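Start counting at 1 in the sequence shown, then tack on 1, and there's your number in this note's numbering.
Be a bit skeptical, because a hint or two may be false.
[Stated by the list, open to error] Below, computed lysine to aspartate or glutamate pairings styled on EDC-like, alpha-carbon distance capped at 20 Å:
1) 202 <-> 88
2) 220 <-> 88
3) 220 <-> 391
4) 311 <-> 349
5) 220 <-> 401
Treat the hints as calculated values from the structure; they're not laboratory data.
Owing to the predicted nature of the structure, the values given are computational and were not obtained by experimental measurement.
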Amino acid sequence: MKVLTAELRHGTSHPATGPDNSFPSHAMTLLTHAVYALAYLVAGGTAAASLWALRPEADPLVAGLAGGMVVLAGALAHETAARLGRERAAGRRIARLNGRVEELARLLEQRLAAETAVQGIQPDAGARYDAVMQEVRLLQSLVARLTERRAPRPPAPSVERRSAAGAPPEAAVRPVPPSVRPSSAPMDDAAVLEAVHEALKADRIDIYLQPIVSLPQRKHRFYEVFSRVRAADGTQIMPDRYLDIAEREGLIATIDNLLLVRCVQLIRETERRQHAIGFFANISAATLADADFMRQFLHMMTQNQALVPKLVFELSQHDLGAGGAVTMGILSQLARLGFRFSMDQVTDLDIDLDRLLRHEFRCVKLDRALVLDPANAGRIGDLRRRCAAEGIDLIVEKIETENQLVEVLDTGFDFGQGYLFGEPRLSRKPE
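Let's have the full structure, built from the sequences with the hints guiding it.
The structure is reproduced here in structure tokens:
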């Protein structure tokens, strides 16, 4: 069962379903591109020469423009054909991936049946099997979505999203683990979008953990979970580069959903190791609006009630304020299961604490710059007293230096987060 679970999470190689990495196919592709390019260049030159020969009295510039238009039309046709070819190839890869997941699911069922018949089954093995199969079904549904053609969406308002994006903004200039490298060459939007698609298909959405500590002891109480996109060559695409593009193309919900499935796996691993630690994970408006995923996720967590208290969902102040009846209804369903919530990306200190309490928000995150701004001193003190009276924990984030920590401690906060206590670290996948 343990080996098979590892196969489900990491994938296995099958001759019938593995990617085609043969060199001749790649060479033929380059040769085809070269032939196409040569063809429309020759056609353009021929058109220019023919027009000049037929109308020698005409301005040579006209003949040149005519030839250039022929070359441009050929280049556009070439690009269209190449894009369609890439989409067909991507569709085939996704179909192979989906088939592999289904095959592993069938193998798991057969293995469990064989173990039951030959050795008998432990009392909790059936529950573990159900949990793994629920994760498999969720992953199958997420993989299937990548086969859907999504129409381009208009740019959304620029709202910084930390939990789906990765570490805080200053992480863009911080060192990253040796297993990944920040992208050195600039990428255009199309290349970034393709890299995100490929990362989703190849399971290269990496999970990073950053500690949230109690003050002043600095004891780790929670971890915040971030997602990062890793390109095929191992370079890391930072959140501020891919986030808006992924949002426009409708991929943010899929990234967030994969993050939630990974969170469940992490929590299960800490349960197995008997570690009493909780995890904060972003749940965006796009994820809450994803009815199919939320229905499956709620069903899975209903069967895993012991994991619920260890997962805290984060929702931005903007998303919470803009949330309609559907968003609030989903939050209510999650709260009834026992989930707690945290509000982050706070820009307005006039917070409706009664509304937060009604929806089981038990934490509020505040930016260190907002907390230490002298202009906010009175409102920060009032907010801290009200939250303490209502049992809402305040967490100050982006604490980078010892001097900043001293200033935060002087204001009386009990929880902190930032590079001073630990940068986001790559989480290994559960075995």
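For each hint, the structure was consulted:
Pair hint residue 202 plus residue 88 holds up; C-alpha atoms about 13 Å apart against a cutoff of 20 Å. With a C-alpha separation of about 49 Å, the suggested pairing of residue 220 with residue 88 is violated against the 20 Å cut-off. In summary, the hint linking residue 220 to residue 391 is not supported, as the alpha carbons are separated by about 24 Å, beyond the 20 Å threshold. Proximity of residue 311 to residue 349 is assessed by CA-CA distance (about 28 Å); at most 20 Å being required, the pair is judged violated.
A hinted pair counts as satisfied when its Cα atoms are at most 20 Å apart, and residue 220 with residue 401 qualifies at roughly 16 Å.
Of the numbered hints given earlier, the model fails hints 2, 3 and 4; all others are met.
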